[in-house]
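**Student:** Taken in sequence, the protein lines are chains A and B. Here this note's numbering is used: the first residue of the first sequence is 47, the next is one more, and so on. Here this note's numbering is used: the first residue of the second sequence is 69, the next is one more, and so on.
Among the hints, a few may not be true.
[Claimed, not checked] Derived lysine to aspartate or glutamate pairs resembling DMTMM-like cross-links, with alpha carbons at most 20 Å apart:
1. Lys-183/B to Glu-719/A
2. Lys-149/B to Asp-260/A
3. Lys-361/A to Glu-386/A
4. Lys-107/B to Glu-481/A
Just so you know, the hints here were simulated from the structure itself, not pulled from any lab data. Treat the numbers as computed from the prediction; the structure is a model and nothing was measured.
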Amino acid sequence: MSTENKDIAVLNRRNFLVSTATGLAGLVVAFNIPTTAKNALVSHATAPTLAASTPNAFIHISPDNTITMVINKLEMGQGVNTSLAQLIAEELECDWKTIRSVSAPVNEVYNHTVYGTQMTGGSSALASSWDQHRKIGAAMREMLKSAAASRWNVPVSEVRAENGFIHHKGKGKLSYGELAEEANLLKLPQDPPLKKAKDFKVIGKSMKRVDASDKSDGKAIFGMDVRVPGMVYACVARPDIDGAKIGSFDKNAAKKIPGVLDVVKFNGDYLAVIATNTFAAQEGRDALNVKWIDESHSKTSTKELMNSMREMSSKKGLIAKESGNVDVAAKKAASTINAEYEFPYLAHAPMETMNCTIDFKGDSAEIWSGHQMPTIDQAVAAGILGLKPENVTVHTVYAGGSFGRRGSKNSDYVVLAAHIAKEIKRPVKMVYTREDDMHGGFYRPMNFHKVEISLDDKKKLLAWNHHIVGMTVVGGSNFEAMMVKDGLERLIHEGVSDTHYDIENFRCEQSRPETPLKTLWWRSVGHTHTAYVMETMIDELCHATNADPFTYREKLLHKSPRHLAVLKLLKEQTGWGKKKASAGRAWGMAIHESFHSVVGHVVEVSLQKGVPMVHKVWAAVHCGTVVNPEGAKTQIESSIAFGLGAFLYQKIELEKGKIVQDNFDTFQVLRIEEMPNVMVEFVKTNDAPTGLGEPGLPPLAPAIANALFKLDGKRVRSLPYFKTAPA
Amino acid sequence: MEITINGKKTAVTSDENTPLLWVIRDELNLTGTKFGCGKGLCGACTVHIDGEPTRSCSIQLKEVAGKNIKTIEGATDKVAKAVQSAWVNNHVPQCGYCQSGQVMSACSLLSQNKKPNDAQICEAMSGNICRCGTYQRIKVAIHEAAGKL
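Next comes chain A alone, as it looks inside the complex:
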């Protein structure tokens, strides 16, 4: 490590502090820390400590006082380029107007503080960076203070940092830009003092997004926009289900398309059409007219898969959680509530389809994409290209959404681009069409829930027996070894097995059926379905006992202060119990914890000619300290739009081994006229931040279902709401 640190230190002085911001590119090549996919996946939870050069890796102060924040998380819409910069800026005492943010190259110094690899995910960016980034800002501030004190020859206790300057009452002031080079030569303070919440000036303020302007005038560069001199374009033919073999294809038809350069077969049974422009590559690929042969899946349908999952739910599963004695308690039941729920495969469908650009030069390579797991992408590409990871330069650019998709558990589209780059030996951009993006994986898995609730003669809850038949999320990847223990996969049963409801006799079983389609985390992962079942079943209990949904939950959540605080806030927001829904509309509510945050929603819904309309959503959120209130609200609004579209319309179906949905006509997403009026409030607290990108989603759909029940007396137990697309 010592050599490596020395290398970094030298480069920091040369490139980070003295050069203009564009000097960052040189740094990427020069970092020399080997990483492999294997060690990248090792999870080690350690308190963040500052490596010798850490502040400089994250903060670049130019002589002209421009401050560049190097962001070690992917900006995919969640606002990290702004919120993480706020954490540093708060302690650095810099002038917010002088900051800009860039994405980090791959280096261990940028690793996730908990997961031990460079990655973005699990709604963890702020939570995992809270201490680290503030400490980095504070360390830099203290170094700047020391540099000024020694230049002035005064005790450091006499100087203070404010708004981009170090001040001394007798000596005047020096700008950070003037001091940066000297500051960087100083010893790094290990425990710089951190500010108290009451003194925050940047944290807790709705700083405007640093990327908003470039994202409003077309200047922002996404993976799709990357251009390398001499670059060609590639479009790939892949089967819907892995394992299919190519029966036939028409190479000549593809080659007849103007602009098509070549058709290459790679990595077994994949075909890529190489062309001078994207459209020719797409047209050429379609002209190939590949016939796939997959005898084992020629009859596979999601309908049959769901039937077999239903059958599985009657057999014993693995015990994910058990308390009390469900079987004994159930024998005393005077009545039971039995319910079965069905959840389909779902595509992520981010606006920017998957793409990756690679410039392979034989002994080195450069890669451009919206990298959510850059360390792994680097290692995987290096493996395919026969290079050492350090010779693969990873450029992380803006991602046009992800919702889990770009957190690819096996770098799937980087793999495709790397194989093509290796084959054709010239710079190439591999681009998915929307249809490519919707076919051939990856999806939120299918899930089936079977719940039996036992009640005594006074309708009091005796026992809760819950079986989740859910397809794997992490299966078929290196994550499986880490995240599946004795066949139990938390990402399937989270949200049920760890429920905060204090239920004496409770059992959660889990079964994992095979999945023919590749699966992946999808915004809020297991909570997408577990919150729906928990919160609609609780609503059934409220109706069975004629109880108010708030009062009933408050009793069962008596040990969970954050849940109670959310319920209290939600009541204040809505006037629940005092006010009522507008005429012809109904209110429904739900509350759920995910990613260490608790979110409660009350929704106001109407139902006309079989079409539900969600008019309003009140959201109460406990996510610890809110770093950027407006930014935080956008994450809740976003989760609501994403969850509502899925609730109403979305499913990915297989018929005879083929995926039915193709594009936004068959896989409908929410449009502007369907967006409810969302009103978000946060529980006031100085706790450290918890997740925000995902927790707003889980309670949305059950709150709607609970409102719909009031309107038509029907329970929605199979999603999506519309079985066929409404006209």
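Assemble chain B onto chain A, guided by the hints.
**Tutor:** Chain B in isolation, oriented as in the chain A frame:
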């Protein structure tokens, strides 16, 4: 072939059947206009053709000969400035990928209707999908921009 793009007459060599989107992006390197679906379903590729919002993925090069094409890069007039400033003010963009198309649709609306109501905004913007769900803020921002014009 020659087309007029952002006020400039520009010679292009793409095949005449190529969708305008790919001429704009791949040949002219104006990457602000985005590919989202290729079928006119999402609005990410919205440009103005003779002032009308048009899905550039669904119109071929040969169809725009002699017409004025404006992309997000050419959206620099008073209306565009008001829209873009309202976008920043109201924290509209998240991932931002759809926003060029959203801004082009919003500019077109405000050029034709100086004070649109919510229903008119929804009608004009319904063809523009945003997976981040920025819709509520788009509405607020369009009202704000209208107020400044």
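**Student:** Does each hint fit the structure? Answer for all of them.
**Tutor:** Against the structure, the hints:
1. Lys-183/B to Glu-719/A: holds (18 Å)
2. Lys-149/B to Asp-260/A: holds (13 Å)
3. Lys-361/A to Glu-386/A: The hint holds at about 14 Å.
4. Lys-107/B to Glu-481/A: At roughly 10 Å apart (the allowed maximum being 20 Å), Glu-481/A and Lys-107/B satisfy the hint.
Of the numbered hints listed earlier, not one is contradicted by the structure.
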